[in-house]
Every structure is written in structure tokens, then in C-alpha cells.
Amino acid sequence: MSFEIPDDCRYLESHEWARTENGTVRVGITDFAQDELGDVVFVELPEVGDAVGMEDAFGVIESIKAVSDIYAPVSGTVTAANETLIDEPELVNEDPYGEGWMIEVDPEDESELHVLLTPEEYREQIE
Amino acid sequence: MSLRTPPVSHDAETTDFGGWEMPVEFDSIRTEHEAVRERVGKFDVSHMGEITVSGPDAGRLLQRLTTNDASVLDPGEAQYAAITDERGVMLDDTIVYRLPEEDDETYLFIPNAGHDEEMFDRWVNHREEWELDATVTNRTEEYAMFAIQGPDSPDLLGAQTDVDLPTLSRMEVTSGTVAGVDALVAYTGYTGEQGYEALVPWEEAGTVWDALDCQPCGLGARDTLRMEMGFLLSGQDFDPEEEPRNPFEAGIGFAVELDTEFVGRAALAGVDAEGPEEKFVGVRLEERGVPRHGYEVQNTDGERIGHLTSGTMSPTLGEPIGLGYLPAEYAGEERSVRILIRDEPKKAHTTTPGFLP
Numbered sequence: 005m006s007f008e009i010p011d012d013c014r015y016l017e018s019h020e021w022a023r024t025e026n027g028t029v030r031v032g033i034t035d036f037a038q039d040e041l042g043d044v045v046f047v048e049l050p051e052v053g054d055a056v057g058m059e060d061a062f063g064v065i066e067s068i069k070a071v072s073d074i075y076a077p078v079s080g081t082v083t084a085a086n087e088t089l090i091d092e093p094e095l096v097n098e099d100p101y102g103e104g105w106m107i108e109v110d111p112e113d114e115s116e117l118h119v120l121l122t123p124e125e126y127r128e129q130i131e
Numbered sequence: 008m009s010l011r012t013p014p015v016s017h018d019a020e021t022t023d024f025g026g027w028e029m030p031v032e033f034d035s036i037r038t039e040h041e042a043v044r045e046r047v048g049k050f051d052v053s054h055m056g057e058i059t060v061s062g063p064d065a066g067r068l069l070q071r072l073t074t075n076d077a078s079v080l081d082p083g084e085a086q087y088a089a090i091t092d093e094r095g096v097m098l099d100d101t102i103v104y105r106l107p108e109e110d111d112e113t114y115l116f117i118p119n120a121g122h123d124e125e126m127f128d129r130w131v132n133h134r135e136e137w138e139l140d141a142t143v144t145n146r147t148e149e150y151a152m153f154a155i156q157g158p159d160s161p162d163l164l165g166a167q168t169d170v171d172l173p174t175l176s177r178m179e180v181t182s183g184t185v186a187g188v189d190a191l192v193a194y195t196g197y198t199g200e201q202g203y204e205a206l207v208p209w210e211e212a213g214t215v216w217d218a219l220d221c222q223p224c225g226l227g228a229r230d231t232l233r234m235e236m237g238f239l240l241s242g243q244d245f246d247p248e249e250e251p252r253n254p255f256e257a258g259i260g261f262a263v264e265l266d267t268e269f270v271g272r273a274a275l276a277g278v279d280a281e282g283p284e285e286k287f288v289g290v291r292l293e294e295r296g297v298p299r300h301g302y303e304v305q306n307t308d309g310e311r312i313g314h315l316t317s318g319t320m321s322p323t324l325g326e327p328i329g330l331g332y333l334p335a336e337y338a339g340e341e342r343s344v345r346i347l348i349r350d351e352p353k354k355a356h357t358t359t360p361g362f363l364p
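So the sequences go chain by chain: C and R.
Those letters in the first sequence? Residues 5 to 131, by the numbering used here.
Those letters in the second sequence? Residues 8 to 364, by the numbering used here.
Incorrect hints may have been included.
What the hints assert, rightly or not - Calculated lysine to aspartate or glutamate pairs in the EDC-like style (CA-CA distance at most 20 Å, straight line): (1) K354(R) x E48(C); (2) K354(R) x E341(R); (3) K354(R) x E40(C); (4) K353(R) x E51(C).
By construction, these hints were calculated from the structure, which means they are not laboratory data.
With the hints as constraints, model all of the structure from the sequences given.
In C-alpha cells:
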């Protein structure tokens, strides 16, 4: 089985992705992570304005079979949370790097992004 | 200790369940669950134990170790029963089959995954203690067991068996062939749908599995299907160590025949007379979230009143459901409660432990 690992993202070992767009960092979980979890049925996200810390849990994702924390790839302030996931949590399975995104963060320190795994490093980790 | 493996190698994600490496998910739990509710699915449940008991005292031995009345079984009939200790605490639950067309009385009972050796020892030890004449054999790795479940199961299995399925009643077992392989076929299951369970020789399991042309399902869907029906899971909804419960608390008093003599009877007669203090109930969450095993249940004043032993997002209802033990007054009518999820009390209400309309 081959998992999608987009080149324009950086990754946490705990299977979150981070993509920088116009100075904000969009965050979600990877294709590998959604496959491991199976059918996602519930996502609990922080509110806009909340602070998140790098590698700190910022939310919870539940599939039929498991509960898992979601960790922030960067520190900063939440500027958006994907409210569509409240009613359509299955988007995390269907489109983990697109419509299944979770939060956007205004990063405190962009240099944190450089210590995240590259696509190649993340691929090595899961294979 | 290495895990025991089923007779067929499956292309599926697996999990350790009762010491067995079993398929948990072939495609997705939701896909597999829906196949069983709407069409038909097949499960490899070869982790279930098989123990046969035969000989002149076979019936007496079963009668004294199971809570139900084994003496009413005619050849080809089956019954659900609990196995209790002297305190009336459930060690396991099981289906007891009286096998068809046997010259002498032969029974087969099905302990849950990982309980076969313990139950075999229990039967042998009591046979010695009571000086009964019965042959007890653990056949767990002689029989593969497949469940074929769902509204289309009569057609799907019917095409592969010489058993006349329409004449087989619920809780009956007969012998025949499936895909040309000698089999015991029973009208039993754990999903709430019409369905069958087939026992076939371990070595020929692959032939039978491959001939059943339908959605393969793992333990994940088996779990969500049984939770929607409020069926107990041994080792989780009751367990002699972690969750010691008697059959009346667990809601299976219908499988206890106090007029028979069995280990635990005296204790259970006391429970029956006074009524259990706690009962197995269903809960439906009214807010977003997923109830899970171990979550605390509170009354509307925020006081702890019990806990959940199972829970999930019901694939059929699209709503969160849970099962657990609460004070008896919470059973029988809808009562408001709270479920503590990550320290947040969420609104819920009690129901009977069966969620489908």
C-alpha cells in the first residue's frame, strides 16, 4: 500500500502535516494516519484565538475503533478551525490534505518548520 | 508467547484478541458493518473455542457447569448459557450445541477466544471431582469457524451447502457440507441479522472461506454489530477479574435456570430473590462525542453512578451509543445521565441495551 505524502508539506513523527500558505500554517493528519485510524467519526478542535505549542496536543480525533490526540507541528495562535469536520468528519478519510484539514496557525517562530520531517524523511518513517 | 493464528491467511489489518492474531478490518468497519446489515458478510471467527463432551454423563457434566437447562436439548438444538463460579460471577458465556445424529449424546460448546484451555481444565477437573463418565476434548484447533451473516445469507450460503437452510430454525444445528467440505451448520450469530455459523475442519478452511463470495468482515465490524444489539462481549462487558458480574446484572437472566443444579446456583438464587443492585443498560449520547469502554457515568448532579463497558459511533444510526452498568433504577425507563468524556460531562440518556428500531 502506498500512501500519499505531498512534497509541499512538512511532517511530525506523530503523523500530522504542516503546509505554509501566505504566512499561516495549515495543519492536518496524514494519509497514513487516516488509514490507520479507519472511519473517522468525530473531531474535536480548538477555538480561534487559542494558543498551541509545538508537539502539544491541540485536539482529538476519534474513529470507530480508536481515540487519538492530534499534535501541533508549530507553536502559535489558531486563526481558523475547519468547522466542516463537525458534520462531515469523514472528510479526513476522503481528503486528508485538502478538505480534511484541521486548523490554521499563525506561527510564532517559523524556524520551527525547519525541524519538521521532510517528505522523504516521513516516508522513511512509515515504510 | 506467540499468537495463535486462524487457518486462513487474510489480507487484513490484524489485532491480538484473546491470544489470537485476528483480522480486525478488511476494508473499513463502516463498509463491512453495512454489508452485514443490508446484504451479507463473512467473518473468520476461528478464535472461538470448540470443546466436545460425550459419554454417559456428558449431559450431567454440562448441566452442572452451565447456568441454562442443558437437559432440554434434543439432538440438533442449541442454547445460550453462562458459566459461573461459586459466587455466581460469570467466567464466560457460551452456546451449547447438542450435536445431531450422534449415537450417544455428544455436546459441543463454544467458549470465547482465549478461554478454551481454561474451560477444558474446568470441565476435566469437575468431571474428576464428581466422578462422572464423560470424554472432554478441546477441538479449538481442529475446527475453523466462519459466520455468514446478513439478510442475503440464506442465498449466499444456500448456494454452497447441501443443508436445507429454510428448514433450519434459529438455535438449531445440523451436519452437511459447505463447498463440498464436511461441516456443522448452525442458525446462530452475534450480529442480530439472520445468519449462520459453520464449523469446518481446520485443514479445509481455505476452501470454504474462498467459496463464500461476499464481503469479508473483521472483528471491528463484529464489535459494532453486536453493540447495536446490546450483546455482551466476554472479557469486556463482564470479566471475572476486571468486571465481575452475575448473569442477572448482565441482563441474561433468561439463560439462568435456577431449577437445575450448577456451580453458582445458590449465589444466583439469592441475587434473583433480592434483585441485582446494578443492571446492564444502554446509553445514547445527546451531544457530539463517542462513548468508550471505561468512561464514567454521572447523574444530573454530577455524582458518579456507574461506568461504560462498551461504546462506539453506531454505523447504522450514525449516533453515539454505549453499554454499561448503572444502579437498577436507571434500567427500564429513559433517564437523563451524563457521560464524562475527557473530563467534560456530556448529556445522555439510558435505554434498553439494544439500539436498533
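Hint by hint, here is what the structure shows:
Restraint check for K354(R) and E48(C): satisfied, since their Cα atoms lie roughly 17 Å apart, inside the 20 Å limit. Note on K354(R) and E341(R): the hinted pairing holds, with a Cα-Cα distance of about 13 Å set against a maximum of 20 Å. Under the criterion of a C-alpha separation no larger than 20 Å, the hint pairing K354(R) with E40(C) is inconsistent with the structure, at around 30 Å. This hinted pair checks out: K353(R) and E51(C) have alpha carbons roughly 19 Å apart, not beyond 20 Å.
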